[in-house]
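Make the complex out of the two chains shown on their own, each in a separate frame, by following the hints.
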Amino acid sequence: MTASPVEQFRIEPLVPIKLGGLDFSFTNSALFMVVAACAASALFVLSVRRRAVIPGRWQAATEMLYEVTAGMIRDTVGSEGRRYFPFIFTLFMFLLFGNLIGLIPYTFTYTSHIIVTAALAMAVFIGVTIIGFARHGLGYLHLFLPEGTPIVAAPLLIVIEILSYFSRPFSLAMRLAINMLVGHVLLQLLAGFVIALGVLGFVPIGFMGAIFLLELLVAVLQAYVFTILSCIYLNDAIHMH
Amino acid sequence: MVDDSAGSRPGKTDEADGSADDFDARLRAARAREEKAEGGGPGSGASSGIGVGLRVGIELFAGLAVGLAIGWGLDRWLGTKPWLMIAFFFLGSAAGILNAYRVGAGMDDSVGLGAAQRRRDAKDQGKR
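So the sequences go chain by chain: A and B.
Heads up: the first sequence at position 71 corresponds to 71 in the working numbering, and the numbers run straight through without jumps.
Heads up: the second sequence at position 40 corresponds to 281 in the working numbering, and the numbers run straight through without jumps.
Chain B extracted, bound-state conformation (with noise of 0.2 angstroms):
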């Protein structure tokens, strides 16, 4: 990830010389190449396989951490002592194994598994 931001800016050192209307002239050009300079995004890059590991062994806590609270809260709210804790529990691992299953796939991090994929799919086309 941090590659492609730090990749991307070429020509940082050659701006010692050259006039100010020189310099407006290729400050243009410079953000031109920079808004077509697109594509790859975020998310792209090859992560490292601990990096992975850490983040699908959160992603499968926070979603079962979560499930287990909401739970937890909605019994004490409701006065129904176990049941929707062990629902939620149910729930919440559904939830923390598709956001694991996201980053496996490599999907980005946005809202809603069907538009995650679609937008990984015509990445792909984009790629091809």
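Just chain A, same shape as in the assembly (with noise of 0.2 angstroms):
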């Protein structure tokens, strides 16, 4: 428990898988990120098994994922998104079961680590971006002209805005992997005092237990603000207003 606080973010591999000089191993990131896939599954399946009217306990809780997702989509995108659906609750539920996941003492969280965030991110800008030239052809480059700019301002405007549009990506991927890397690193500098401080060490075990909980909020809304901002991007890329 004396390690240092960044000790817990190693990457580990169980597996070690070598192909032509590249590393495949399967490491312990990947290993939660099957548990986290299975548990999001076993928990759909398991849970709507019934399809009772009434619903129960479990199936309540996956209706109200379903609606807070269904909801979001809605709000953001409007009706046109819905195709987009599946993509966008495989995303939140990849998160959100990563980032409760890794709460529990003894696991790893993947979503702290920024290139999972980022590798993420990656895939919902690009395949936003492909979306919005799908759509709109060329006119999708529109977007980066402001209306109303003097024509002398444009060149510097325009490149202004598409740097800004590809720094999106990375402040996504960073706002998460960043949160999450914040909360668990205090954490375990926490769980330190309590050992330095001997008899007085309830008092950091107080804070702990405050600050866990405000964690299991930052995780939720996490994950919600990151499914969330793709939904903004999409509609970007579908409605172009």
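Read the hints as simulated data drawn from the structure, not as lab findings.
There may be inaccurate statements among the hints.
Said to hold, decoys possible - Cβ-to-Cβ under 8 angstroms is the rule here; a few derived chain A residues that face chain B:
(1) R83
(2) S164
(3) F166
(4) S167
(5) F170
(6) S171
(7) L186
(8) L190
Heads up, the beta-carbon is just placed ideally off N, CA and C, and yes, glycines get one too.
So, in structure tokens, the structure goes:
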């Protein structure tokens, strides 16, 4: 427990796999991605198996997750966004389960690694850009010129808007990863104080309880934020207003 | 943000009684209510100060980092060693500041400053 606060984020290969000089090892990060995917699938398969008109506790929970996501897409994208529901919902579940499972002691939080969130954000970004060009053709580029710009300032503004466009997936990825990272480092530091303070250790334990609750909220909120921002980007690509 | 989604779904607990055809009527009513209960929408909830601070920092950094990365890549590609990176350093900073300004001004995260500004004004007018 006296380990460094960032020790918990170390990637350890569980099943080393080397293919053509590249490292494809099955790591603890990958293990918890599989766990999260299995947990999400199990929750949905098991809870709706009975298909009751009056939902039980588990079915009500999954229906609530469905309704939150469907409402999110309807509010931001409108009814045209319904086609993209499976992707958005999968994304939301993957992040939500990753964040929440990471809060269980002795687990690994894959969403605290910026490479994971950046890969997800890039997938959203590239997909949304393709959808935008597919639906609007070159007209999609109108997005980068604010209306009523003086023609002299236009080249500069367009470059800045394009850079701002490219920075979005990174800020999206960093928001999630940093929020997770900070919470887990904070918990680990407080846990270190518990041992250092000896008898007075109950004080940091109290703090840890409070911060754990906060982290629970952050875990849900950040998964939600990531998903709703993906919806907003999707809306840009579809409606372009 | 999360408050909207949790608060706008009342009457979740009173589903225990009632028969099936009654259920259909109530389902329709609930759907109509949900469709009507739009407005507010994402981003209208007040965020906490530390959250906004973190976001502004991330936006500034992301803009700068992307600018530098693009400048560096173009330099390597075109062989114009330091110049494009310097230019994109400033452009990236501008993009980062623009994004941070949009966070501070309470605009949404979509592309295009003009569009975001118009949408926020429209929302403000709708509230009044």
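Checking against the hints above, which ones are violated? 1, 7 and 8
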